[in-house]
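In this note's numbering, the protein residues as written are 91 to 374.
Keep in mind the hints are simulated off the structure, nothing from the lab. Be a bit skeptical, because a hint or two may be false.
Straight-line distance between alpha carbons at most 25 Å, and here's what the computed DMTMM-like set of lysine to aspartate or glutamate pairs gives [said to hold, decoys possible]:
| # | residue 1 | residue 2 |
| --- | --- | --- |
| 1 | Lys272 | Glu313 |
| 2 | Lys126 | Glu329 |
| 3 | Lys272 | Glu364 |
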Amino acid sequence: MPTCFRVRPDSMSPNDCFYSAGVLRMESEMTLPTLKAPIVLVHGLLGYDQIKIGKWLVADYWPGIPALYRNAGNRVLAVRLSPTAGVATRAAQLRSAIRAAFHGEAVHLIAHSMGGLDSRYMISRLDMADRILSLTTIATPHRGSPFADWGVRHLQGFLKPYLTFFGISHEAFYDLCTERCKQLAMEAPDAPGVRYFSVAGSLAADEFGVQWRAFHDIVHAAEGENDGLVSVASARYGEVLDRWEGDHLGLVNWPHNWLRTRRPPPDRLPHYAELLRRLADTGF
91 MPTCFRVRPD SMSPNDCFYS AGVLRMESEM TLPTLKAPIV LVHGLLGYDQ IKIGKWLVAD
151 YWPGIPALYR NAGNRVLAVR LSPTAGVATR AAQLRSAIRA AFHGEAVHLI AHSMGGLDSR
211 YMISRLDMAD RILSLTTIAT PHRGSPFADW GVRHLQGFLK PYLTFFGISH EAFYDLCTER
271 CKQLAMEAPD APGVRYFSVA GSLAADEFGV QWRAFHDIVH AAEGENDGLV SVASARYGEV
331 LDRWEGDHLG LVNWPHNWLR TRRPPPDRLP HYAELLRRLA DTGF
């Protein structure tokens with residue numbers, strides 16, 4: 091049985107927590123298990139692990155989540171992959187990061203957005219099935235995103251020459267399209283022995299600010315309920331689908347109130363605590 095720890099807010103630094111209007115919002119106390127295997131967090135398109143200037147933390151892709159897990163005694167690695175490379179390239183980078191950090195040890199993956207596609211490719215195509223115990227995807231477009239289709243149709247003529255001129259990879263934008271994701275499903279089937287879980291987000295149209303609303307409407311017209319970029323239908327994968335209310339960035343605890351019209355996104359730490367508990371209850 092996994093060991094369990096009680097995690098209190100005062101055991102976490104301000105940089106690890108979520109702020110709204112200057113007020114720290116966290117559950118008063120949470121009980122989390124300690125898994126035997128490490129946890130690897132995999133970011134999505136245009137992502138990173140952390141951005142720092144000297145000792146100053148400018149941005150964190152997973153606000154508060156690594157600290158939540160570590161304070162319960164878990165080993166956590168937040169990887170940094172190419173922000174715009176294709177799935178095959180990012181999957182190879184993910185494999186290298188896991189092998190370097192955890193020699194011969196199997197791990198759990200929690201992957202946001204495109205990171206879930208990278209993870210599936212790595213497991214199936216890069217001989218890593220024996221190194222992965224579980225994959226939990228958060229708002230991953232397993233069947234592609236209609237917004238990516240729209241973006242490639244309308245923007246590639248303008249943006250691609252600039253990206254090419256500056257030597258910036260752009261394959262990620264194509265790999266998120268619905269046809270590429272269908273191809274991935276055929277080329278990278280699930281691996282026996284790996285447990286697959288998923289989380290989907292959705293939000294009412296009038297909850298989105300103007301920056302998200304157009305994206306939401308494009309996806310909604312094609313696939314219905316969505317988080318502004320990825321539909322619930324596309325995010326569904328594996329044994330269990332959890333539904334969280336929220337937009338695409340809010341699902342990883344981003345405090346981006348300016349993208350919302352009515353209320354700030356909720357603190358996601360209790361949701362991520364539940365993901366850990368499920369793994370422990372599954373026997374990990």
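Hint check:
no.	hint	result
1	Lys272 to Glu313	holds (15 Å)
2	Lys126 to Glu329	holds (22 Å)
3	Lys272 to Glu364	violated (30 Å)
Checked against the numbered hints given earlier, this structure breaks only hint 3.
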